[in-house]
Amino acid sequence: MSAVRRTPAPPPGDLQDMPKFPKNAAKELRNTQLRKNLRHATTTIREKRANVVAELPHWEQLRRAGEAIKNRTLRHLDDYLLQLEESLTRNGAIVHWASDAAEANQIVIDVARAKGADEVVKVKSMATQEIDLNEALEAAGIAAWETDLAELIVQLGHDRPSHILVPAIHRNRSEVREIFTEEMGRYGTPPPDGLTDDPAMLAGAARVHLREKFLRAKVAVSGANFAVADSGTLVVVESEGNGRMCLTLPETLISIVGIEKTVPTFDDLEVFLQLLPRSSTAERMNPYTSMWSGVREGDGPQEVHVVLLDNGRTKVLADEVGRQALRCIRCSACLNICPVYERVGGHAYGSVYPGPIGAILTPQLRGTASAVDASLPFASSLCGACYEVCPVRINIPEVLVHLRNQVVESHGPSVEGTIMKAGGWVMGDGRRLALVQKGSELAGRVLPGEVIGPLPGPAAGWTGARDLPKPPTQTFRDWWVAEHQGGRDE
Amino acid sequence: MNVPTSTVALFATCINDTMFPETPKAVVRLLERLGCRVDFPLQQTCCGQMFTNTGYFREAMPSVRNFVDTFERYDYVVGPSGSCVGSVRDQHPMLAHRHGDPGLQRRVEAIVAKTYDLSEFLVDVLGVTDVGAYFPHRVTYHPTCHSLRVTKVGDRPYRLLSAVRGLTLVELPNAQQCCGFGGTFSLKNSDVSVAMGTDKVRAVLDTGAEYVVTGDNSCLMHIGGLLSRMRAGVTPIHLAEILASTEDALVAAGATAPQQGGSR
Amino acid sequence: MSSRDAVLGRVRAALADVPAVPAAEDVAIDWEYGQRPAGAADDTLGLFVERVEDYRAEVSWVTPAEVAARIADALGDHEVTSAVVPSGAPQDWRDAIAARGIRVLTDEPVLSHAELDGTGAVVTASRVGIAETGTIVLDHGPDQGRRALSLVPDLHVCVIRAEQVVADVPEAVARLRPSIDARQPLTWISGPSATSDIELSRVEGVHGPRTLRVLLVDG
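Protein chains in written order, with my numbering: chain A, 1 to 490; chain B, 1001 to 1264; chain C, 2001 to 2219.
One thing to keep in mind: the hints can contain errors.
Now the in silico label distances, taken between C-beta atoms and shown as ranges [what the hints assert, rightly or not]:
1. ASP1155/B with THR2063/C: 50 to 56 angstroms
2. ALA1163/B with LYS27/A: 45 to 51 angstroms
3. GLY92/A with ALA2114/C: 22 to 28 angstroms
4. LYS315/A with HIS1099/B: 22 to 28 angstroms
5. GLN61/A with GLY1154/B: 19 to 25 angstroms
6. ALA54/A with THR2081/C: 43 to 49 angstroms
Pulled a few chain C residues facing chain A out of the computed Cβ check, cut under 10 angstroms [what the hints assert, rightly or not]:
7. THR2106
8. VAL2110
9. ALA2162
DSS-like, lysine-lysine: derived pairs with alpha carbons at most 30 angstroms apart [stated by the list, open to error]:
10. LYS23/A with LYS1152/B
11. LYS1114/B with LYS48/A
12. LYS1188/B with LYS421/A
13. LYS20/A with LYS1188/B
14. LYS23/A with LYS438/A
It should be emphasised that the hints constitute simulated quantities derived from the structure, not laboratory data. All residues carry an ideal CB built from backbone N, CA and C; glycine is no exception.
Could you put together the complete structure from these sequences and hints?
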């Protein structure tokens, strides 16, 4: 670590060391401002998305096509990766392979040092968040400047992203104003005097602050939304033009691309460029999409590096049920629709991938050894709204249940396991259940009052806020037997 | 109306059997009134969803086997629960497949094809939407997530409710958002569950309805538990109980509401 | 072992369950590429104009004869003092702009970042327009110039011919295939630069041109 930091420090600690989800959630639920910001933002974008999706009568057909294209790619990923490497190389790009975060970060550091750069400008990229590139560069004495407005807010706020698409969704305009006023001047052009909380003025301050960095940067780092195997083309989908600045102005461009971003052909983009903008920003099309095929003489970076990143993706690929998570195109529709995400926000998930997709991706990428990772598959009511909106039809509830089974199987004996085992045995036979029901009928007779109110101990989880009905003194089964003189069945 | 000649098996579900017997009783009354012969095979237990959705696949297997053993001799299996029926349809084949038992899998797939949620059985098999019910109250309907997205009952409950005489159906704002029950989610993540439930209850109260109706007593136990704690004066009720109530029955009982199964 | 071999090895091991058949046989894709969906609007140009304007870009219908003058008008409206026009663009565009007293740059020799940043506007042709999404695609041919030209100046005046406008994204992708085969970069532009990063409320104009003027040449 260098003595004096070049960029704002993020919060201390490793995301993976966070407590389990329910504990983080309980804390976030008490944050009134957060609840208000999230409710407003997710409600707004949900409505907008529903409107633009309804404009396309063949939306379901598009979703199925997106799903099939991704399945085809993933199931033959080795072939497509080799084709991608060959096309990129033919186009003048330098292709690197990285097994994990450390290897990918080192490649970026080495390229930046070779170019004599002590700073890089960055296009918003989930892959670089995942590998914590900024901190690796900081430790190597290289400043990484986030240029997406929301990422800038997060970086200057010494904060962490809480959403895939809108990383500062948890902040409102007055918080943004405070962060810009406090921090912007320490890292470059300060905001104008009299900065208000008007979003247009805040965006204007970011424009001026970042333009200086765009114009002088020698090296840029990006991710990619798609990597086209047949043409060797990378695609970045964005709104603000910060992406175009980074992809065009510097002399050297390094793109970190998860291996699952591959699509077979340029033609496949006609499907994804319809699915992605409508699902993510809820627009017919996002303001800017850049496509570049290696090096173009006299136009843009003349040295182009592409880092193909594994970092756990092959573990996901090896799971026949969980594999579908790699179809994800990072649109965030599942976050925006999720009733759990809407109430707790992204930080509770202990990962750069929050929400429903995070709950299935993170435990697969990182394993389920840590407290937070083991709790993520359970951070869902299995309502299924995420599956309904997913543009590539990832059956998130199915994968959640699958991962719950893995967590149960991989962790040792527990009280819960013993109860479940006994319950499973009871449910194997109607006579056993009838016997257990004698107990509930007895409880119904002896318990006082109409309902069961607050209870101590493990029952507090339910009864803290909810009454529990008193069991009836006669089960349906007993009623039926009484009505039918011993039943027709036996 | 198209009443089947063969006996209809009632899959009461374990939670209704144990905690909410008025619901399966209502199903019996309703189906018999419509001319069906109903049987309740006593061997039945549970769909096993609580085990499956908590990750205990092995522990769910006795439920899966027992379901097949109990119900495979019937042509129609009808349950008053979008969630439990959804579990049979969506999860039993997966569990049998994972268990590596092709024989069981074939039997499971056969039974899936003849298992119906009550609203589906009424509308699709019997071909009725007006079941002759009378319920002179203002009600709002919450489509439970599994009835909506797994079993996909669609607008059937709305059509059934709209045909009930005397009933005023009020639209529930943000109806399709989860109430926060989620099975063991309601215990493992009780804070989030209650936060979601509170918003659902707020929406219910905003409608000014006297009753909140669903096709799943499990979700209703959660919503009703919050309403009860708040002394909100809104009564949770299962769809079957509204559809079973008739003017004659109400007059005979000398009341204006059907008998309630516990307080939910 | 190299990282390349390690990653590819893990990919292959992960896919042990996949039958050794060609990808297209293994997974069918039920999609007809390049097809205009049934029910696409007949009035392609009208829809294009409506959808571009939805992004708060200004669109004007112009005849071929008046293109150059209308470009100069647009620049005049915004009171710019200089504009870059790519060398492959028609000479009469440059003449009309110069006649308005606006300094014309051609990017020959190549303009520095600072020079571009000091330029008020850029005028380009385009490659494809998409009605359904209100999108203009540049393939950065000689009449559009390198990517930085249409990015750094704050006003982009973009000329598109009626026959370049297609109904939807699949048709556009099909038309763009030759540009991709020629390894040309593509920039898809849908309105001026924008952000919704603060409370998801849309603000036009961040880093790219804050104003987009579209001249649709018809007739």
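These are the hints, each one checked on the structure:
For the pair ASP1155/B and THR2063/C, the beta carbons lie near 53 angstroms from each other, so the given range of 50 to 56 angstroms is met. The hinted window of 45 to 51 angstroms between ALA1163/B and LYS27/A holds, with their beta carbons roughly 48 angstroms apart. For the pair GLY92/A and ALA2114/C, the beta carbons lie near 27 angstroms from each other, so the given range of 22 to 28 angstroms is met. For LYS315/A paired with HIS1099/B, a C-beta distance near 25 angstroms keeps the hint of 22 to 28 angstroms intact.
Checked against the hint of 19 to 25 angstroms, the C-beta distance between GLN61/A and GLY1154/B comes to roughly 20 angstroms, which is consistent with it. Evaluation of the 43 to 49 angstroms hint for ALA54/A and THR2081/C yields a pass: the beta carbon distance comes to about 46 angstroms. Hint status for THR2106/C relative to chain A: violated, with the closest Cβ pair at about 14 angstroms, above 10 angstroms. For VAL2110/C, the suggested interface contact is upheld, since its CB lies about 7 angstroms from the closest CB of chain A, less than 10 angstroms.
Given hint, ALA2162/C at the interface with chain A, is violated; its Cβ is 20 angstroms from that chain's nearest Cβ, farther than 10 angstroms. Annotation: proposed proximity of LYS23/A to LYS1152/B is violated, straight-line Cα distance about 34 angstroms (limit 30 angstroms). Restraint check: the Cα-Cα separation between LYS1114/B and LYS48/A comes to about 39 angstroms, which exceeds 30 angstroms; the hinted pair is violated. Annotation: proposed proximity of LYS1188/B to LYS421/A holds, straight-line Cα distance about 18 angstroms (limit 30 angstroms).
Among the hinted pairs, LYS20/A with LYS1188/B is consistent with the structure: their alpha-carbon atoms are about 11 angstroms apart, no more than 30 angstroms. For a cut-off of 30 angstroms, the pair hint linking LYS23/A to LYS438/A is broken: about 37 angstroms separates their Cα positions.
Hint compliance for this structure: hints 7, 9, 10, 11 and 14 are broken, all remaining hints hold.
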